[in-house]
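The lines below spell out each chain.
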Amino acid sequence: MNSAENMVVLQNLKKHFTGIEALDGVSLTVKKGQVIVIIGPSGSGKSTLLRCVNQLEEKSSGEIWVDGERLTRNSKQLDKVRSEIGMVFQHFNLYPHLTVLENITLAQRIVKKISKQLAIENAMAQLKRVGIEEKADKFPAQLSGGQQQRVAIARALAMNPKLMLFDEPTSALDPEMIKEVLEVMLDLAKAGITMIVVTHEMGFARAAADEVVFMDKGQIVEQAIPADFFANPKQERTRLFLSQILNH
Amino acid sequence: MAQSVSTSTRPPSIRNSPEFREYILLKIKTAPWWLIGIAIIAVITAVTIATNQPFQDAFLFIKAGLGVTISTTLIAFVFAMVLGLLTGLGRISNNTFFRNLATLYVEIIRGIPMLVLIFFIALVGVPAIVAGFKSLGVWFTENGMIGIGAWLSGFKNNAVPMNTRAIIALSFTYGAFLAEIFRAGIQSIGRGQMEAARSQGMSYWQAMRYIILPQAIRNVLPALGNDFISMLKDSSLVSVLAVRDITQIARLYAGRSFQYQEAYITLAVMYLTMTVLLSFLMKFIEKRIQKNEQR
Ligand SMILES: Nc1ncnc2c1ncn2[C@@H]1O[C@H](COP(=O)(O)OP(=O)(O)OP(=O)(O)O)[C@@H](O)[C@H]1O
Ligand SMILES: [Mg+2]
Chain G
1 MNSAENMVVL QNLKKHFTGI EALDGVSLTV KKGQVIVIIG PSGSGKSTLL
51 RCVNQLEEKS SGEIWVDGER LTRNSKQLDK VRSEIGMVFQ HFNLYPHLTV
101 LENITLAQRI VKKISKQLAI ENAMAQLKRV GIEEKADKFP AQLSGGQQQR
151 VAIARALAMN PKLMLFDEPT SALDPEMIKE VLEVMLDLAK AGITMIVVTH
201 EMGFARAAAD EVVFMDKGQI VEQAIPADFF ANPKQERTRL FLSQILNH
Chain P
1001 MAQSVSTSTR PPSIRNSPEF REYILLKIKT APWWLIGIAI IAVITAVTIA
1051 TNQPFQDAFL FIKAGLGVTI STTLIAFVFA MVLGLLTGLG RISNNTFFRN
1101 LATLYVEIIR GIPMLVLIFF IALVGVPAIV AGFKSLGVWF TENGMIGIGA
1151 WLSGFKNNAV PMNTRAIIAL SFTYGAFLAE IFRAGIQSIG RGQMEAARSQ
1201 GMSYWQAMRY IILPQAIRNV LPALGNDFIS MLKDSSLVSV LAVRDITQIA
1251 RLYAGRSFQY QEAYITLAVM YLTMTVLLSF LMKFIEKRIQ KNEQR
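Chains as they are written, first to last, in our numbering: chain G, 1 to 248; chain P, 1001 to 1295.
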């Protein structure tokens, strides 16, 4: 598990909240450069899994390695590991009191201690990458949902992360804006960025995923390359879930 | 609410239409008529002070306390903000000790009348702390640290003037009120903000300072402004410590000249003028902020 080619290794990971096992023994290996798409019904523990990887949620038991480093609750390590993992949220969570540019430069400056000049250059490069450099001086509230999510992606990329986590990045968006965000994510996948993506966009899973993981009740039920996963799912639960969302 | 209705309604173009009638009625209903009342009071008072010798005497005498009233309020408010912010952060802290310490402080202050608190802090609390310093000084001296020992035992009760005690008392009292405002302000910011900041590697305190507090403080500015006005009024309570603010001086003047009406009418109008001006200032600031948010 400390093999140099692994970015994330989860070993028998458990997380319980009062009265519920949100994660009930999850083991998963994500290799460097891989894109893993996680799907599953509501409440199956997808968000909890992502949040355990960057320690927004404290695991109950099990082990987590990120890039060969075993995660502990040491707060120095915690802040460092988090600064190396980008996270994109369903509701964007941009900082509403800061401009787009400030949203992207703030953590570079106060966490990575990068000079203002460099931080701005880097921010503009990332904005260009997601195709909205002309919005640099706007406030988040002045942007459409799709644009806000692209800013959130640029904000995460600007920290030069080893790993990107996406928690349903398009499910708060109007249909016409989903595509622009998925295109950005597809570019990232092609660029070889390691990604774990929770999404219900099966088109994205087919096009970008190296592996698709199906979760239910806090466990991984099935895991396969997209072609196999969609063509002949092995588990009854997977088949049921796929028929529900694909006929939808 | 009513005001936002009236400002967002444009006057209908046709003068005799029922819409126009409705618009005028709404304007009449929502206009700040009470301001006319205030204006009448202001004009009558100004004319009276200018033309009526006893009122003029009272005003000129009481005016001497304005500096004390204003400086006591300002300084105590600054301290109360610092104390309130720290306590507010303590109230939501995960640290059991600080959370309970903060709650203890807030609950104690809430449970005691302000007048009693002012007596207590100024006449029991401060002397107790001075006595504490003294015995510490004795202890240091006995243990060979004569310098610091002498310095500490040199503290005298009367070295802490009543003005300072009044400021301490007001700061502690309002610190507890402001703590609740700051706490509510911080809690009004969605969890997602803290999570986004932490997920970028910011520490808890960095996230507080750069992400949560700027938004929280903006949200609670109106409440802070209200408490500043309340504090200006409550500063009159420090007159019980013989601090020479406008209330104390008015009392002295009334007692000496037996011109109770002149003294207390003038005093009341002085407070009213200050608080009304302050609330205009606050409304102005709020409007500015609202405009900024609509950028
Ligand atoms: N902070 C929390 N406190 C208590 N229970 C929680 C908490 N967070 C999640 N849970 C519970 O843990 C389970 C897994 O939640 P999680 O958010 O990981 O599911 P999910 O797969 O992301 O679902 P969705 O598709 O609805 O986002 C759910 O039953 C949820 O109610
Ligand atoms: Mg979720």
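Fair warning: there could be bad hints in the mix.
Stated by the list, open to error - For lysine-lysine, the following DSBU-like pairs were computed, each having C-alpha atoms within a straight-line distance of at most 35 Å: (1) K1291/P - K112/G; (2) K1283/P - K138/G; (3) K190/G - K179/G; (4) K1291/P - K116/G; (5) K112/G - K162/G; (6) K1156/P - K1063/P; (7) K1134/P - K1291/P; (8) K1291/P - K128/G; (9) K1287/P - K138/G; (10) K138/G - K1291/P; (11) K128/G - K112/G; (12) K179/G - K1063/P.
None of these hints come from the bench; they were simulated from the model.
Inset, instruction - Enumerate the violated hints, using their earlier numbering and listing them in ascending order. - result: 7, 12
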